[in-house]
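Participant: According to the numbering used here, the stretch in the sequence shown is residues 9 to 185, in order.
Treat the hints with care, since some could be wrong.
As the list claims (entries may be wrong) - Here are the simulated DSS-like pairs of lysine-lysine, each with C-alpha atoms no more than 27 angstroms apart in a straight line:
#1 Lys185 - Lys118
#2 Lys118 - Lys86
#3 Lys47 - Lys84
#4 Lys105 - Lys118
#5 Lys105 - Lys84
#6 Lys118 - Lys172
#7 Lys84 - Lys118
#8 Lys118 - Lys47
#9 Lys86 - Lys47
It should be emphasised that the hints constitute simulated quantities derived from the structure, not laboratory data.
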Amino acid sequence: MFSTKQHLIKRTGACGIGRFNYLQSLIEEFQTTELSSSKREILANLANFAYDPINYDYFLQLNIPDIFIDCLVDEKDKDPCLRLYALTGVCNSCLDKRMKSFYISNGCVKAVAQYLFWDDPQMIIQAITSLMYLINNESRQEITAVAIRQRMVELMSSLDRRVKNLATVFVEDYLPK
9 MFSTKQHLIK
19 RTGACGIGRF
29 NYLQSLIEEF
39 QTTELSSSKR
49 EILANLANFA
59 YDPINYDYFL
69 QLNIPDIFID
79 CLVDEKDKDP
89 CLRLYALTGV
99 CNSCLDKRMK
109 SFYISNGCVK
119 AVAQYLFWDD
129 PQMIIQAITS
139 LMYLINNESR
149 QEITAVAIRQ
159 RMVELMSSLD
169 RRVKNLATVF
179 VEDYLPK
């Protein structure tokens, strides 16, 4: 369910922590914790908050899209859960024009596209959906590059029906005939 600022204020109450401060505390904890399980939980929460447009201003102010991108490209931390939650965060937030522009101009298309080649269907689903949401005049050439086109055609034969259907939609709707 989408929220309004008034609804959030009412739910927070006089003594509660506001959404901005809550998100800020999540980021601080994410950046300081050494526990993988805590990092996963925090990033999953951030990805969940990414679905609601009321949070987009906060996300941009707090540089949360940077965190998602960093998790997608981090060579040191190869935790697949963190990568999936980062992909989910991108997918949930990239329909916003400002977020989309940020992601495109900061290398997110390349970062997302690499997950088309993973074996995990959920990763592939998030990657395809994110690329569909990220496509515009600025990103079209990169998103429809030969390697991605070829991979989408391969994915049309996937045994996972969800992957197969998304790849088919991508090929039919986004690739030149």
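Participant: Taking the hints in turn, state whether each one holds.
Facilitator: Structure-based check of all given hints:
1. Lys185 - Lys118: Distance ~23 angstroms between Lys185 and Lys118 Cα, so the pair holds.
2. Lys118 - Lys86: The hint holds at about 17 angstroms.
3. Lys47 - Lys84: At roughly 14 angstroms apart (the allowed maximum being 27 angstroms), Lys84 and Lys47 satisfy the hint.
4. Lys105 - Lys118: Judged against 27 angstroms, a Cα distance of about 19 angstroms means the pair holds.
5. Lys105 - Lys84: violated (31 angstroms)
6. Lys118 - Lys172: holds (21 angstroms)
7. Lys84 - Lys118: Status holds; Cα separation ~18 angstroms.
8. Lys118 - Lys47: At roughly 24 angstroms apart (the allowed maximum being 27 angstroms), Lys47 and Lys118 satisfy the hint.
9. Lys86 - Lys47: It holds: about 13 angstroms lies between the C-alpha atoms, which stays within 27 angstroms.
Violated hint: 5 only; the structure is consistent with all others.
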